[in-house]
Amino acid sequence: MTDRNSVPLAARTVSTAPGGHLVIVGAGEWAAVAFERFCRDSPYEVVAFSAEAGHLGADLCRGLPLVPLADLAMTYPPGRYVAFVAAPSWPSQARRRLYDIVKSAGYACASYVSRRVFAVRNVQIGENTFVHERAALQHMVRIGDNVIVGSGTCIGHNAVVADDCFVGQRVAISGLCRIGRGCFLGAGSCVDAAVSVADGCVLRPGTVVLKDTKPDLVYSGNPAHPDVAAVSACPR
Amino acid sequence: MGKRLIARHPLQAQPGGERIIIVGTGETAAVAFEYFRRDSPHEVVAFSAEEPFVTHRTHCGLPVVPLEELASVYPAAEHGVFVAVAFTQLNRVRRRLYHAVKAAGFDCVSYASSHAVIWPDVKIGENSFVQEHVVVQHGALAGANVFLGSGTCLGYRSVVEDDCYLGAHVTVGDRCRVGRASFLSTGSCIAEGQSVAEDCIIGAGAVILKDTAAREVYLGNPARPVGRDSFETFGVTGG
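Protein sequence lines, in the order shown, are assigned to chains A and B.
The opening position of the first sequence corresponds to residue 1 in the working numbering, with each subsequent residue numbered one higher.
The opening position of the second sequence corresponds to residue 1 in the working numbering, with each subsequent residue numbered one higher.
Incorrect hints may appear among the rest.
Restricting the straight-line Cα-Cα distance to at most 25 Å, the calculated cross-link-like pairs of lysine to aspartate or glutamate (DMTMM-like) are [as the list claims (entries may be wrong)]:
{"id": "1", "chain 1": "A", "residue 1": "K211", "chain 2": "B", "residue 2": "E27"}
{"id": "2", "chain 1": "B", "residue 1": "K102", "chain 2": "B", "residue 2": "E69"}
{"id": "3", "chain 1": "A", "residue 1": "K211", "chain 2": "B", "residue 2": "E232"}
{"id": "4", "chain 1": "A", "residue 1": "K211", "chain 2": "B", "residue 2": "D229"}
Some, not all, of what chain A presents toward chain B, calculated at C-beta under 8 Å [stated by the list, open to error]:
{"id": "5", "residue": "L9"}
{"id": "6", "residue": "F118"}
{"id": "7", "residue": "V120"}
{"id": "8", "residue": "A136"}
{"id": "9", "residue": "Q138"}
{"id": "10", "residue": "C154"}
{"id": "11", "residue": "H157"}
{"id": "12", "residue": "A172"}
{"id": "13", "residue": "C190"}
{"id": "14", "residue": "D192"}
{"id": "15", "residue": "A193"}
{"id": "16", "residue": "V208"}
{"id": "17", "residue": "L210"}
{"id": "18", "residue": "N222"}
{"id": "19", "residue": "P223"}
Calculated directly from the structure, the hints in this document are not laboratory data.
Just so you know, even glycine gets a beta-carbon here, dropped at the ideal spot from N, CA and C.
Let the sequences and hints guide you as you build the complete structure.
In structure tokens form, the structure reads like this:
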């Protein structure tokens, strides 16, 4: 017999994370989703929310203190609290911008991986990354910082998903693929084996990519073709 | 542990394991090694490859033995084999090596992930590999030497013949037939009741709405033959 019981193939990343007190940066829809998941399915305890001055509106969010981002380090110092940035990446790259602010303030950022994810033990997942239930992360997959992976998505062996990507629900990324920085992969899209999606691309839902893409273009259709729309004008 | 709603397939509940040798030393073999090691009752003891392809003495920390000498080093009566090769030459290399190890007297083992849902009455042949999140419904049949990638679904009473390779997120509808040695790439879909003939290549995301012809390459939605020979496309030598 092998060590199948003591060292299972799939690691429950979230259950092995150290946990601690967590501040969610953001107070909108994304923050609500993150709050729910971190509370019910992670070792972290959410203690507060934080937002920039223009997005405050109230002193409380979901019964917890809502602190101006500028004052966060005073109230919840980085050495004792971890952060999770839950903000949309469109239209203003808010998620990346807030992540940079939080990192330069000295915070470590938490990642969330649903306990219903299949993740092989040698998978690497960066900071401030969020992986929904039923995703499959195969042998040697590497996922960067600030990435969102939707429910039911498969990322094939040795594939790389770079920082700041959004990968929607039930996306199929084949083995050996590379997804560049800041890409958006719409629900149900599909990337053929060993294909590279260049930095800053948008794949509309259901797009099937059979060969390498050029950077900063919108693709749609099966097989994928570049769309006339500019990436900046593409709601996501 | 919560109560399972669906009984386990016999492949997922094997009582005792075997000592096995993985034939292949590429990326697919490294992936198979992880799955067997962590999620099967079997113990991988060595790798093997045909003499000209033995480039290193070890792979993943285990010895690599030339295939020609395998039975003399690891007796066939005491060892199982898994041939871990992808769809090279339209599954011809995997098929050839599978027959070579069978001829040397070995039995081949199959693997089914503990994270797959496989109806207990499903028949799966030797040397097949079923990854996580695969769903195989009631009455479906998979032959020998078949690979089913992550999240793939075989509808009820569907048949996947020997030597086929189905990538991730492939959907095979109810009562479909997938002919011998065909390759269905990532995210492709076979509408229910349709047949894919032998030796077809179905491109990534292609949607098959009617029966296909043998040895053709299909792309797009709805899928169309692109007029290329599948043997030529995948460099099959020797048929």
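Going down the list of hints, with the structure as the test:
no.: 1; hint: A:K211 - B:E27; in the structure: 21 Å, holds
no.: 2; hint: B:K102 - B:E69; in the structure: 14 Å, holds
no.: 3; hint: A:K211 - B:E232; in the structure: 19 Å, holds
no.: 4; hint: A:K211 - B:D229; in the structure: 20 Å, holds
no.: 5; hint: L9; in the structure: 3 Å, holds
no.: 6; hint: F118; in the structure: 4 Å, holds
no.: 7; hint: V120; in the structure: 6 Å, holds
no.: 8; hint: A136; in the structure: 5 Å, holds
no.: 9; hint: Q138; in the structure: 7 Å, holds
no.: 10; hint: C154; in the structure: 4 Å, holds
no.: 11; hint: H157; in the structure: 5 Å, holds
no.: 12; hint: A172; in the structure: 4 Å, holds
no.: 13; hint: C190; in the structure: 3 Å, holds
no.: 14; hint: D192; in the structure: 4 Å, holds
no.: 15; hint: A193; in the structure: 7 Å, holds
no.: 16; hint: V208; in the structure: 3 Å, holds
no.: 17; hint: L210; in the structure: 6 Å, holds
no.: 18; hint: N222; in the structure: 5 Å, holds
no.: 19; hint: P223; in the structure: 6 Å, holds
The structure is consistent with each of the numbered hints, conforming to all of them.
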